[in-house]
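A.B. asks: One letter stands for each residue in the lines below.
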Amino acid sequence: MILRALFQIGILLVLPPFLLGVVNRVKAIFAGRQGPPLLQLYFDVWKLLQKGAVYSRTTTWVFRAGPIVGLAAVATAGTMLPVAGQPALFTFAGDFVLFAYLLALARFATALAALDTGSSFEGMGAAREVSFASMAEPALFLVLVVMARATGSLSLSGMLGPALAPAWRAAAPALLLSAIALFVVALAENSRIPVDDPNTHLELTMIHEVMVLDHSGPDLAFILYGASLKFFLFGALFVRLVADAGIAGIWAAEAVFVVELIGFAILVGVVESVMARLRLTRVPQMLVGASVLSVFALVLLLR
Amino acid sequence: MTGALALAAVVLATSSGLLGLALRDRPDLGQRLSAGALCLAAVLGIAAAVPVLAGSPASVIQLSWNQPHASLAFRLDALSALFLLPILCVPALGAVFGIGYWPQEEHGSHAVNLQLWYGVVTGSMALVVLADNALLFLFAWEVMALCGFFLVRAEPDRRDAQKASWVYLAAAHVGTFAIFAFFASVGSARGSFDFSAWGGLGSGGAAASWLALLALLGFGLKAGLVPLHFWLPGAHAAAPSHVSAVMSGVLLKTGIYGLFRTAGFFEAPPASWGAVLMVLGGVSGVLGVALALAQHDLKRLLAYHSVENIGIITMGLGIAMLGRSRGEPGLVLLGFAGSALHVVNHALFKSLLFLGAGSVQHATGTRDVERLGGLSRAMPWTAGLFLVGAAAISGLPPLNGFVSEWFVALGAVSALELAPLDRASFAVLVAPVLALVGALAAACFVKVQGSVFLGNPRTKDAARAEESPGVMLVPMAALAGACVIVGLAPALLIAPLARGAAAWSGMDPARLAGAAGAASGTATWVSGVAFVLVGTVAGLWLLRRRLGAGTAAETWSCGYAYPTARMAYTGSSFAQILNQGFRWVLLPRVRFTPPKGPFPTGARFSTEPREAVLDLALLPAVRDYISATSRVRGLIAGRLHLQALLVLATLVALLAWRLLWW
Numbered sequence: 001m002i003l004r005a006l007f008q009i010g011i012l013l014v015l016p017p018f019l020l021g022v023v024n025r026v027k028a029i030f031a032g033r034q035g036p037p038l039l040q041l042y043f044d045v046w047k048l049l050q051k052g053a054v055y056s057r058t059t060t061w062v063f064r065a066g067p068i069v070g071l072a073a074v075a076t077a078g079t080m081l082p083v084a085g086q087p088a089l090f091t092f093a094g095d096f097v098l099f100a101y102l103l104a105l106a107r108f109a110t111a112l113a114a115l116d117t118g119s120s121f122e123g124m125g126a127a128r129e130v131s132f133a134s135m136a137e138p139a140l141f142l143v144l145v146v147m148a149r150a151t152g153s154l155s156l157s158g159m160l161g162p163a164l165a166p167a168w169r170a171a172a173p174a175l176l177l178s179a180i181a182l183f184v185v186a187l188a189e190n191s192r193i194p195v196d197d198p199n200t201h202l203e204l205t206m207i208h209e210v211m212v213l214d215h216s217g218p219d220l221a222f223i224l225y226g227a228s229l230k231f232f233l234f235g236a237l238f239v240r241l242v243a244d245a246g247i248a249g250i251w252a253a254e255a256v257f258v259v260e261l262i263g264f265a266i267l268v269g270v271v272e273s274v275m276a277r278l279r280l281t282r283v284p285q286m287l288v289g290a291s292v293l294s295v296f297a298l299v300l301l302l303r
Numbered sequence: 001m002t003g004a005l006a007l008a009a010v011v012l013a014t015s016s017g018l019l020g021l022a023l024r025d026r027p028d029l030g031q032r033l034s035a036g037a038l039c040l041a042a043v044l045g046i047a048a049a050v051p052v053l054a055g056s057p058a059s060v061i062q063l064s065w066n067q068p069h070a071s072l073a074f075r076l077d078a079l080s081a082l083f084l085l086p087i088l089c090v091p092a093l094g095a096v097f098g099i100g101y102w103p104q105e106e107h108g109s110h111a112v113n114l115q116l117w118y119g120v121v122t123g124s125m126a127l128v129v130l131a132d133n134a135l136l137f138l139f140a141w142e143v144m145a146l147c148g149f150f151l152v153r154a155e156p157d158r159r160d161a162q163k164a165s166w167v168y169l170a171a172a173h174v175g176t177f178a179i180f181a182f183f184a185s186v187g188s189a190r191g192s193f194d195f196s197a198w199g200g201l202g203s204g205g206a207a208a209s210w211l212a213l214l215a216l217l218g219f220g221l222k223a224g225l226v227p228l229h230f231w232l233p234g235a236h237a238a239a240p241s242h243v244s245a246v247m248s249g250v251l252l253k254t255g256i257y258g259l260f261r262t263a264g265f266f267e268a269p270p271a272s273w274g275a276v277l278m279v280l281g282g283v284s285g286v287l288g289v290a291l292a293l294a295q296h297d298l299k300r301l302l303a304y305h306s307v308e309n310i311g312i313i314t315m316g317l318g319i320a321m322l323g324r325s326r327g328e329p330g331l332v333l334l335g336f337a338g339s340a341l342h343v344v345n346h347a348l349f350k351s352l353l354f355l356g357a358g359s360v361q362h363a364t365g366t367r368d369v370e371r372l373g374g375l376s377r378a379m380p381w382t383a384g385l386f387l388v389g390a391a392a393i394s395g396l397p398p399l400n401g402f403v404s405e406w407f408v409a410l411g412a413v414s415a416l417e418l419a420p421l422d423r424a425s426f427a428v429l430v431a432p433v434l435a436l437v438g439a440l441a442a443a444c445f446v447k448v449q450g451s452v453f454l455g456n457p458r459t460k461d462a463a464r465a466e467e468s469p470g471v472m473l474v475p476m477a478a479l480a481g482a483c484v485i486v487g488l489a490p491a492l493l494i495a496p497l498a499r500g501a502a503a504w505s506g507m508d509p510a511r512l513a514g515a516a517g518a519a520s521g522t523a524t525w526v527s528g529v530a531f532v533l534v535g536t537v538a539g540l541w542l543l544r545r546r547l548g549a550g551t552a553a554e555t556w557s558c559g560y561a562y563p564t565a566r567m568a569y570t571g572s573s574f575a576q577i578l579n580q581g582f583r584w585v586l587l588p589r590v591r592f593t594p595p596k597g598p599f600p601t602g603a604r605f606s607t608e609p610r611e612a613v614l615d616l617a618l619l620p621a622v623r624d625y626i627s628a629t630s631r632v633r634g635l636i637a638g639r640l641h642l643q644a645l646l647v648l649a650t651l652v653a654l655l656a657w658r659l660l661w662w
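Quick note, the sequences are listed as chains R and Z, same order.
Taking the numbering used here, the leading residue of the first sequence gets 1, the next gets one more, and so forth.
Taking the numbering used here, the leading residue of the second sequence gets 1, the next gets one more, and so forth.
By construction, these hints were calculated from the structure, which means they are not laboratory data.
As the structure is a prediction and not an experimental result, all values here were calculated from the model.
Some hints could be false.
To be verified - Take a look, some chain R residues computed to stay more than 10 Å from chain Z by CB distance:
| id | residue |
| --- | --- |
| 1 | I11 |
| 2 | A28 |
| 3 | P37 |
| 4 | L71 |
| 5 | A73 |
| 6 | E260 |
| 7 | M286 |
To be verified - Here are the in silico distance ranges between beta carbons for each label pair:
| id | chain 1 | residue 1 | chain 2 | residue 2 | range |
| --- | --- | --- | --- | --- | --- |
| 8 | Z | A419 | R | Y42 | 36 to 44 Å |
| 9 | R | A255 | Z | W541 | 30 to 38 Å |
| 10 | R | I9 | Z | I485 | 26 to 34 Å |
| 11 | R | R303 | Z | S188 | 39 to 47 Å |
| 12 | R | R57 | Z | W541 | 16 to 24 Å |
| 13 | R | W61 | Z | A621 | 45 to 53 Å |
| 14 | Z | A419 | R | Q34 | 58 to 66 Å |
| 15 | Z | L492 | R | P36 | 27 to 35 Å |
| 16 | Z | W541 | R | V259 | 30 to 38 Å |
| 17 | Z | D615 | R | R279 | 29 to 37 Å |
| 18 | R | I262 | Z | L543 | 25 to 33 Å |
Stated by the list, open to error - Here are a few chain Z residues that face chain R, going by a calculated C-beta distance under 8 Å:
| id | residue |
| --- | --- |
| 19 | V413 |
| 20 | V526 |
| 21 | V532 |
Beta carbons: idealized from backbone N, C-alpha and C, even for Gly.
Produce the complete structure using the sequences and hints provided.
C.D. replies: In structure tokens:
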């Protein structure tokens, strides 16, 4: 029991940077490049943690608190996420609301830190981030509500637990629609193409990356690591929803889960490689589209 | 006993302003004594309300009054006690804040007047929630409404305050009229005007629905539900900040109290009433925050956020009503708990934010967010306390706003557990609406905090700011502390809220107890996660301190070495994407002079959001009505026979209506 809990925390804390490495490797293969090592993000984080930081004279404690609160909120949200169908550390009715609001807290802290620099670029990024998030948030809630209805459970662990397999048999169309919506939300929340390009080099066109332009050293390490953690959280939600392998043994299930997560990273990498970025004005339409899909799913279940 | 304490608090609060009147030669002393009296009233109120919330029986005091149908009947039950706490505590803190913000020696007789009305409004609000007789209630309600009028025009030489106060007065009286009609109908049907005789009103049939609509109109106007919110932003922005805190934080809640009380009179309300409340609440929530996002005036922005929060409260009430119609204790408890707790929470963080806005205005002389910036350096305490309020109103854990929104959301998703194929399950849509409202509120407060306190000062006024004195900061700190405590320990509040739910719904407390047990279990988990969050933040903070230290430099501006405040993103640019999406409700007035020619000299761009209901519908309609009637008046002026004809025609028309249709 304790061993399993430790293992879950271990996966949560150790695996995320690797997934981003997989995404980048897939993009490199598509582009005919060799690409950075799979473990590049671990190296980056380690190197940044050793370094000193540079702070703008405009900034206050809010700027320094941003990365800390951001990482802490995402990590705390992770404690409510079930891994491989096993119950999470914290599980209770309505935990998914807290999960979503903790992600909102991380965004709030990061956006405030961005505004603390007084830079117009970072203000731009923060404005885009909070605006798009306010469209992604209802879509995420709708997806979770559909899952709650289909599985008859109000906690994340219940929604993604053993009740999921029968729910797929009973309500496949609704769950499929909400899975598509969840994938769109995952791309938007993690600033991936087609919403945002993590590799862009023009400040004017960035969303998430431009918010953290002024962070450096250990603060940037916290931010990079927190972003990978968030990617992991959405990946874990998504793979569990669409690929519940139904494996009985705990350890086998964990192994399959890790493989599925790598599959999710490959999928994101493929999407990033074959799609162009949407114009900024199209992003809201895509997110509202995701909400509409999940409303349809809900109507299918409630009618 | 508790009832007597509450009445003592009412008397003390009402008369607190008289001290200023008596001590006109010593204005500073008078103001301090008045604030002290209000604080004492708050302590008495806490002493009265807490035992009732802790389970002692409702306290009833019955005195006779020589008016027909009226009696001096007071009742302090758990529902009244829940409202009594913020009603007495927030004005007390506001009065202390006022000592620094609005010193009596600087404002002369205006300040003496203000203090007088401030005390009376506090007492009358408390009387509203204590009254157990319809006429007593109406008396207190009317006194409260009139005090509001005088409080809004505390600075009589300001034109916006003048206009706002008249709009407020008209709206308040339309509301009072609707409540009058409602009370008169119920009272004459019941043969008594005591609330205790009004339980178990039938809710079937068209007549009951009309009655409920009257109450919704009257109390909805006071609470500021969209589209009845039109009077609110002007009035709340025009008043001095500590008065705005009271008006926005607690005065609106008397409307919610009225909705709760009247909803409690009806037996087994149909599910459609809950649906109406949920839809109205959802519309208020989304449109309130959308309008807030577009505002440049800090206090107007906060006032629109009250509309949003009233929406959240109403959604919770709708869920509780749905629970009553379906006989589901879980829905009743969660809906009521979310709604009532949000009443208290909103009183805490909204008054904190208004006091913060007052502190900013005190330091800089402006409320325009575009003219501020960088205040957190000069005013670290105000900035930090405002940040607590901003995070709380955005519903972020681990603060109190999250707890009440979480109850409402949990109530909404609990509607999924209703019987299959029950269309009431669509109440679950409240949850995504809440998510939308919460995310938009967070966006709005990132804008506010960012453009007021962060970055560089945009004007000289902002650069000259100094921290406010301690007497203004201590009340804010008290409110912020309450926000944190409620956020970290919500489980403590479940039992009092369950008592309130039992007092309101008339449901068997034993049935509610099961739901309360479940809710308190999950609330404990929420506390647990909140502490994990706080612990993780603390741990990372310590870790960060051990890691590399920082050196100072300029903000990165793509290699440009001399960034200025004019280059920073303004509040308007920050909100532009969302404002664009909500154009259809903002209907902004845009003035744009584009740059012309190869050597452009001047270009201007300004947008001004309009209050659609007031500016585009009500005021033009009233103007047309006045011009039409004045035309008729001109026709008959000085001609007695025509005037007599008009009276006769009216009489005949009324008679015909009476005979033919009534």
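A.B. asks: None of the hints should be skipped; say for each whether it holds.
C.D. replies: Cross-check of the supplied hints:
| no. | hint | in the structure |
| --- | --- | --- |
| 1 | I11 | holds (18 Å) |
| 2 | A28 | holds (28 Å) |
| 3 | P37 | holds (24 Å) |
| 4 | L71 | violated (6 Å) |
| 5 | A73 | violated (6 Å) |
| 6 | E260 | holds (26 Å) |
| 7 | M286 | holds (14 Å) |
| 8 | Z:A419 <-> R:Y42: 36 to 44 Å | violated (52 Å) |
| 9 | R:A255 <-> Z:W541: 30 to 38 Å | holds (36 Å) |
| 10 | R:I9 <-> Z:I485: 26 to 34 Å | holds (29 Å) |
| 11 | R:R303 <-> Z:S188: 39 to 47 Å | holds (45 Å) |
| 12 | R:R57 <-> Z:W541: 16 to 24 Å | holds (22 Å) |
| 13 | R:W61 <-> Z:A621: 45 to 53 Å | holds (51 Å) |
| 14 | Z:A419 <-> R:Q34: 58 to 66 Å | holds (60 Å) |
| 15 | Z:L492 <-> R:P36: 27 to 35 Å | violated (51 Å) |
| 16 | Z:W541 <-> R:V259: 30 to 38 Å | holds (36 Å) |
| 17 | Z:D615 <-> R:R279: 29 to 37 Å | holds (34 Å) |
| 18 | R:I262 <-> Z:L543: 25 to 33 Å | holds (29 Å) |
| 19 | V413 | holds (6 Å) |
| 20 | V526 | holds (6 Å) |
| 21 | V532 | holds (5 Å) |
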